[in-house]
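Required output: the full structure, derived from the provided sequences and hints.
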Amino acid sequence: MKNSDTPSGIPVSPLLNSLEKAEGGLEKPSIAKSRLLTISLYCVAVAIAISFIAKILVALINLVTNISFFGSFSFAFNSPANNHLGAWVVVIPVIGGVVVGLMALYGSKAIRGHGIPEAMEQILVNESNIKPAITILKPISSAIAIGTGGPFGAEGPIIATGGALGSTLGQIFKVTSNERKIILAAGATAGMAAIFGTPIAGIFLAIELLLFEFSPRAILPVALACITGAAGHHFLFESGPVFPMPDISIPSNEALLIYSVMGIVVGFLSLGITKIVYWIEDKFDELPIHWMWCPALGGLAVGVIGFFYPHTLGVGYDNIIGLLSGSWPMTLVLTLCIFKFLSWAIALGSGTSGGTLAPLMTMGGAAGAVIGALVLKVYPEAGITIPLSALIGMSAMFAGASRAYLTSIVFALEATMQSHALLPLLGACTGAYIVSFFLMKNTIMTEKIVRRGLSVPDSFSPDLLQKITVSQIVHSTESLINANTSIHDVQAWIKANHRDESHFVVVNDQGGYAGTIRLSEIYDGQVKGDEPIKTILTTKVNAAVTGEDALRRAIEHMSKNDVDVLPVVSNTNSKLVTGVLTYRDIIDAYAENIEKDEYAHVKISLKRRGMKIMVKGRQGN
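Residue numbers (this note's numbering): 1 to 621.
If you are wondering where the hints come from, they were derived from the structure by calculation, not from laboratory data. These numbers were taken from a predicted model, which means no experiment stands behind them. For each residue, glycine too, the CB sits at the ideal point set by N, CA and C.
Derived CB-CB ranges, DEER-like:
#1 216 / 472: 17 to 27 Å
#2 564 / 279: 41 to 51 Å
#3 423 / 102: 46 to 56 Å
#4 82 / 279: 29 to 39 Å
#5 593 / 510: 34 to 44 Å
#6 82 / 283: 27 to 37 Å
#7 279 / 59: 27 to 37 Å
#8 520 / 105: 47 to 57 Å
#9 593 / 78: 52 to 62 Å
#10 91 / 283: 21 to 31 Å
#11 560 / 498: 27 to 37 Å
#12 535 / 510: 15 to 25 Å
#13 216 / 84: 47 to 57 Å
#14 279 / 422: 27 to 37 Å
Straight line, CA to CA, 27 Å or less: simulated DSSO-like cross-link-like pairs of lysine-lysine:
#15 448 / 275
#16 55 / 131
#17 33 / 174
Okay, here's the thing in structure tokens:
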């Protein structure tokens, strides 16, 4: 085609504007960093707010507990296990269930559940948009449910509240859905850090359960939020470990092996617990009553169990401390393990408002302590201790039930400040995770979401489109159209070369970008064939990529400008077009890299069997 390879001769089209200054144009690194700073400031603001909300939530739980079980107006902690109400204790959780049911019916049904799955669902299907009302309704409903004896922790509600607050801020300010997701995750994990003082665990929780991404644009805002939340914990709550326990000595190799086997056993327990919880939820759904009354029925079970076993009532953080002390009698530990599970599973399955982390840790800690005691009874020289057995049981239970592997390990270390527990925790959580991964399709966090027909990521890996650069696949300038070429010649070239793109990049005689023209514009019946193409050039794409840019950036530009081709320029400050990138190039590159990975996997597998593989007509060894 005339002048298609080497444009020459004619001045720049007046349609050409500065790519760098045009609205929506090529984003400079300084702009991206400035945006990252802005999002980080939003996340810190959310973290400051959620720290105070966490303090208010804990105070509300204490207030409702004192009013319900002791008839006193006090914000001081008092375990409901110390009540002297007798049989009347059965009624209190029922009242709490009725109130929560009414709040869900007339306020928002989203207050039901334990926080993290609901946040995950909003990220997956609703562009991280959560109703602002949840910021108020969730903590109040949770305070009522827990304060009236519900066997839940405060961490689930504060995670949900923090996520709702972050989402609300993201809806108020002009941010993208991905930025809103980051602010949501930052608010949720900052809430966890504010309750427990565990910022690193909060960061890992965001990665493993909310973001499924590890990149500076996601991690930095979340990290700053978690640090702020932890500072809020030290300022508003306490500065020491949230779960103090006796100092742990360095375990022997034999003890490490035993702790690892304990983790496998607890992994099987976590599998069974997850199945039972959702079986109970299914049974509640089958009841011939309105769902609003289900939390009251769950409260009835909580009250009955609480009458016989008072330690199952309420948050139970004091139970965790007692388990980690290693001083509790095994009969109390065993009954706590069994009946805390029954109370929690029935209440959670009924659809009330509460969290899962504290109950899972309580059950796991009790199970670990019981297993440790049995091992010591059979083999006194095992070299294990009850406190450490309880700690690894706690962590392994959470790792198995949620598959938040790194979160489970780091949380136990931060919450107890026992660095010598690292290797036992690593072995136990790995064992529990293996059991969960191979034997359980969904986790306690994802089962509900999957049942609603949603696909939940189960891993995060480097984005192929982020790894491949434009220079690796870009076409040469042969597909460029010179602005002075006649419309008739362009039509002839398209027909002769069987070009079926919907857009074409047009350059001036100096090779500078002049615009992008649509195929429909070229074949418009009203145009004159002898006129140069620049006379009908109306489409201007205010974006370009360089050879060093990743394909992900190119896709973002194509989506924003609704085109399937982009000009490739020599550098961010240049208008000189060096090539053309099409959406088909990107798809082919993506498919080719996936094929390479799959072929490598199959090739290794067959090679182990002593076989050969044929690929595209050639034999591979």
